[in-house]
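Participant: Sequence:
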Amino acid sequence: MFWTLYRKEIKLSLRSTRFVLALAIIMAAFALSGIMGSASYHNQLAEFRQRDAEATRNLMDQMGNLSGVAALPQPALLPPSPYPYIRDLSSTRLPERIVVNATRHREMEKAMRSNPLLNAGETFTWEFILAMAGGFIAILLSYDSIAEERRQGTISLIFSNPLTRWRVITAKLLALVTINAALVASGMLLSMLILAFTDVPILAGDAPLTMVIFFALSILYLAFVTALGIFISTLTRTPSLALTALFFIWVAFSLVLPSAARVTAGALERIPTPDERERASDQVIGEIMEENNRTRPVVNGSTIVNYSRIPFTAVETHVANGYLKVYEALRRLQGEYEEQLFDQGGFGLDLARWSPVELFRESSAKLTGSDIERWRRFLDEVENYRKELGAAIKALDSRDTGSPHVYFVNDINIWLSQRPVEDVAQIPRFGFKELPLAQRLGEALQPAAWLILWTTIIVLLAVIAFLRADVRQKHVGS
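Quick note: the sequence shown uses the working numbering, first residue 281, plus one each step.
Worth double-checking, as some hints may not be accurate.
The following label-pair restraints were derived from C-beta to C-beta distances [claimed, not checked]:
1) Leu740 <-> Leu325: 41 to 51 angstroms
2) Arg612 <-> Phe528: 17 to 27 angstroms
3) Ile529 <-> Glu618: 29 to 39 angstroms
With a cut-off of at most 25 angstroms between alpha-carbon atoms, the simulated DSS-like pairs for lysine-lysine come out as follows [said to hold, decoys possible]:
4) Lys674 <-> Lys605
5) Lys605 <-> Lys667
6) Lys713 <-> Lys667
Simulated from the structure, these hints should not be mistaken for lab results. Note that the structure is predicted; figures quoted are calculated from it, not measured. Beta carbons: idealized from backbone N, C-alpha and C, even for Gly.
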């Protein structure tokens, strides 16, 4: 009888107008997502390759002498996300290009009046479709699962069969989750066909397994929404009342709680304004330059005021050391500011975890490696690259006995070797390393575990409510 009821629920759903509407919405949304995802992937890849080719040409033009290579701004480029059709951060204001040379960041990120980590841009990806449209469809299919049968009195016919209540509620829940899974699978397959037809490598590397895991996360999330719909439907007297209650709950989960989390994080974890950062930088620069002036080179026991009276190397070394201290201090201030951004963004994510919608989105972001930690790793790798570049320049300069060996890089460098660089491979190039699937999956487990907990609680509440409700009685006036 259990499977008979399960098949009956599926057949009723498949014959309903709501299912046709849900199928149309899902297929249209995923088709559009495939088209937009393909365009986004190819545009990002073309821009990345163009920037990389330009950097290679500029490097080859400066191979005539090491000083020119050392002074050349080297771009560190963040490659496109491998899964822009699942989740895409390209519409955010997070930097995808940071220019450095051997001693300093040449283009420091300006302070922002709002944290981009709290205001990630929305793009029409699989994750966004399922978080919003998928949730709406799950509500549409489940809001009257109990209330309508109770209103019509048909629930009594079900209980005339030898079925316990928990079997009835389980059959209904399983049937609705199956319908949602079929809708999601159909939409994803359509989108995958569009992506494959437009030469997006959806079968390369670990992409197939990533999509399978994302599908499982999606079903878990939709199971939560379905259980919530059954729970509210059991508690309310009419389908319209159930739909109204679910609408307000859904708005709270998908819009109110995430927005409140961002506002609260912005208020409690304050970041400095651009003016405050500029004043802090000016103060640090002033203190370092003042100290540098007090420690001018000494010749024959006297401090030299006129630099022309001392050897070239001593002058340039003294000046270079002062600027190097300035750059190091500015890098420290930049690092502190970036940590403040991450602290504020992380606090906002922690607060938003009260919303199951945000838990699904966070787990999807971590699974695809497109969360805020990707930007943190990018910044860390940029700094490591700058150090690697500096070490390579020093090593090449040390081979030239005629070089002043004053390790300071400005726009027109004359303090290092003027000899040509023999092999372009001697100059390191920046390369960003994506996380392997095992590590991404491990990071996605924490928000996924919280989503499992939410789903388990709502399922239990739905079962308990159904077991305790007077579902056999047809309400007067219904």
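Participant: Kindly indicate which numbered hints from before are broken by the structure, ordering the numbers from low to high.
Facilitator: Structure breaks hint 2 only.
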